[in-house]
Amino acid sequence: MDTSYSLPSSALPHAHRAHTRSQPPSLNNTWRMTVSSDSLPSQLEDDEDGCGDHDHDHDHGHSHSHLRSKGYSHSPPPLSPSFLHAHSYSYPHHGRSGSQASNASATMLQEKPLVGGIESRSQGRRNRYTPEGIDETTHNHAHNHTHSHDHSHDHDHDHDHDHEHNHNHDKHFPSHLHSHSHDHSHDHDHDHDHHHDHDHSHGVGTSTGHSHGSERSLFTRAILPYTVGWPILYSILAEKDSRRIFYFMTLNFGFMIIQAFYGYVTDSLGLLSDSIHMFFDCVALLVGLLAAVMSKWPKSQRFPYGFGKVETLSGFANGILLMLLSVEIAFEAFERLWEGTQTKRLGELFVVSSLGLAVNLVGMMAFGHHHHGHDHGHSHGHSHGHSHGEKHDHGCGSHSGHSHGHDHGHDHENENMRGIYLHVLADTLGSVSVIVSTVLTSFWGWSGWDPLASCFIATLIFLSAQPLVFSSAKRLLLTVPEGVEYNLRNILAGIGQQRGVVSYATPKFWMDDHGGEKLLGIVHVTVARGAALEDTKDRVREYLLKEGIDAVIQVERDGDNGCWCTRGRALVNPPQMSKQF
Amino acid sequence: MISEAESPQGGSQAPAAPNPFNFQTQVISTTPVKSNVGQRRGHRYKHSSVSAQHQIFQEPPPRPPPVLPASLPTPTLKEAWKSLQRDQRMRLYWGLCHVAIAMFIFYRSGGSLAAMALSHLVFFDAGSAAVCVVVDVLGNFEVWRRSSIRHPFGLERAEILAGFAMSIFLLFGGFDLLSHNLKHILESVGDHEAHHEHEHAHDHVSANSLDLVSAAAIASTLVSAYGLKNHARIAKVMRVSYLATLPSILSNPFHFFTLFFSALIALLPLLSISLYDWLDRLICAVISLAMFSLGMRVAVAQGLMLLMSYGGNRGDVGVSAVLREIESESGIARIDGAQFWQVHYGLCMANLKVIITNGYDELALGKLRNRISTLIQNRLGEGYGNGGNVRWEVTVETTVDTTI
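For the protein sequence lines, the chains are S and C, in the order given.
Counting in full-length UniProt numbering, the first sequence runs from 1 upward without gaps.
Counting in full-length UniProt numbering, the second sequence runs from 1 upward without gaps.
In isolation and in its complexed conformation, chain S is listed as follows (with noise of 0.2 Å):
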């Protein structure tokens, strides 16, 4: 265990850490209390409607028989401490946040549109102090439970949770959902033994135990003790989004090697060109993989602010590739078309374009719910769904939860997700369009359907990766996003307001890669005669860093000309000043 502890520890998101201290244990036993007296699920499906109905069923039977045995089991494996992030994070935000929801009954679940996950947040802080909040102890304590799972994201596991409790979760942190895409391919293997398991623990009250068993999947769990030997693959599969990539990876790769091997046998050219296709995805998966290991690199004297922007420069990249791709796949059609090429052999193509297909649609499913705020409707409602039968559509519902506490810890938005869901996407419709095509031909005859198909999709393609070229194009060109402008010109005005500074030069300040709206920077602070340099100094900074800027401050005396900043001043204004008017 200790070994495994100390592995991870470094790769985790500072966020989480914060978190776990702050959860009360009093939570759990209440929460236990209500479990055994049976009160809560009737007052649940009074507040709620049916789907709330289907979780509580669940858990309740579940909890009771495996509750021991299995919570037991599963509790060496929380070895990752990112579980107990996940644990800390939700408590607090969640307890409130699910009164809240429970209040407002089921109908407030259907109004809500998607919040953004820091609005939903403050509304469950100012629930806590209501009084309705006292009402319903009751009714956070099965938030609560919901919230570990969210956590837990993992699939299996946590999908009895999740559905308990999904409600409150839905409600309040739509963005939670995003990530819980990424376990799906994990989770299918071992998914329903254990998820009575996980639930029962927290019934409990280990939470902590489960909410670690309940991060990742089965699958993970069970191999991960094996990776400790080697680091690489281990702070792989310790991150949600790496982990992710690297099953999917895995299955691409796998998919490649069968299909390579087939299409040498049968000597079958449509094989042999889909398995170069396929080694091509897996080489920007690969490259995804990578820049996702690496935002996880502290910083060093090489990389003064960290590898934050790797993820970034990695969407970048794949944007740029998909919109290549495109124009390529246009330009073949083109060709197509002019020469009037038949396309032959429509069975095989049919065929593997096909199984091509179930690969992308398991890719799309596993990174698809990323970053669209949208889907977290979708996922919730699913959950409750499946979550008696299928395992699938659980992995979906937990995984929300997970991402939120993690997509927080970061940043807003991951370029390298969503570089990547768009690769496998455009790769899901080029699958698409070569079946409907093959289907088209076989029943006309005319050989253009296909080049047709593939410039409507290259066009889909090419509109899909602009807003994403265009995003991290910005955040590389370290451009301050426009929110952030405004009130950094009022923090600037600010700086001249300090006593003993006459004026300041040069200020640069861009955005800090580490989330949140804080900036990093520089500027040069001219103190007035008489005043202390350091104690000026010491006032700019403590200004600075209320408002959330880190920056290097350099002092100089007024009428001390010999920086290069007043050097700058000098050239730079004048012609500044005759160019404008």
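For the record, the hints were derived by calculation from the structure and aren't laboratory data.
Keep in mind the model is a prediction, meaning the values are calculated, not measured.
Positions of the beta carbon are idealized from the N, C-alpha and C atoms, including for glycine.
Not one of these hints is a red herring.
Computed from the model, here is a short list of chain C residues facing chain S with C-beta under 10 Å:
id : residue
1  : Arg150
2  : Phe153
3  : Ile160
4  : Ser167
5  : Leu171
6  : Leu307
7  : Leu323
8  : Ala338
9  : Phe340
10 : Leu352
11 : Leu363
12 : Ser373
13 : Thr395
14 : Thr398
15 : Thr399
With the hints as your guide, set chain C onto chain S.
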């Protein structure tokens, strides 16, 4: 990006830029004044004698005008066109020509894989020639160089971004050619008979045009290299050591590859047909591998800059040496944090937090600061010899050591 939609009156450079001020009489909404007429209390006019004496109207605390503009107008296509100088216009036309030549080579490559690979290389050249031209034109505008709150370093980083995109094109092109080649080989292995005839037909077509193709490629490369200084900046960042000894433009890996391969392709038709078939594929494979490795290096070199790192002048080693030297200065207790990174081709930043020993006087402090910045500029600025000069903007935050 130059977009029509933005800033219709923006171009700071354009001679015919519309006047930013509106001198026409404007009627400011009069309603609030009217409503006040009956119920006026106190003095509304701060310049009335009463106000002046009693300070009823407090001036807001004076705020200095902002040091930086919030954002600068991005030029539109029209403004960019107007701002063109004569030689810039010539360069623009040449850039278009280069693209046209690349298209020509692509279509004339016919059945020769090697010629098609060459056309990819020329496309890349044309693309970066276009980037050169655009960068040149945007340099006419203020947004490009001047920092604003919106773009703290101007837009100059966009050039690196464009270069990075071009390197993706190289990688993609390399992959694409490889897969084409593979498919070709698979096909020819699959059905020997049919393919051979195919191949022959190609030969006759391409033998004539290959010379033309390679001549066009060589000519366009040379013109771009001398006229536009194509690839000059990126080559400086990369510096491929084993090519560095070659004379002038051949030391630039991009030009080297294009020239070398087009010369090779020009020689192809001289070979016998059976040899030609395989050599064609071989050259295509070599070109694609070269594109791939070159693309990799370019992507890394520019990716480092985009990741806010400093890779020039043996990067880390140089920085460590400089830091050691700074630490050994008298009066410096230790360095609390140092960030060295490259913003774009012409600018680097060094942000240092230095703890100085107690009792250091102010005058000496200013001198110390200057010493540090000249040290950094001299050591890492690569000012001499290479002709390239990177400017270092050094910021030193000094804190007096209170622990002693």
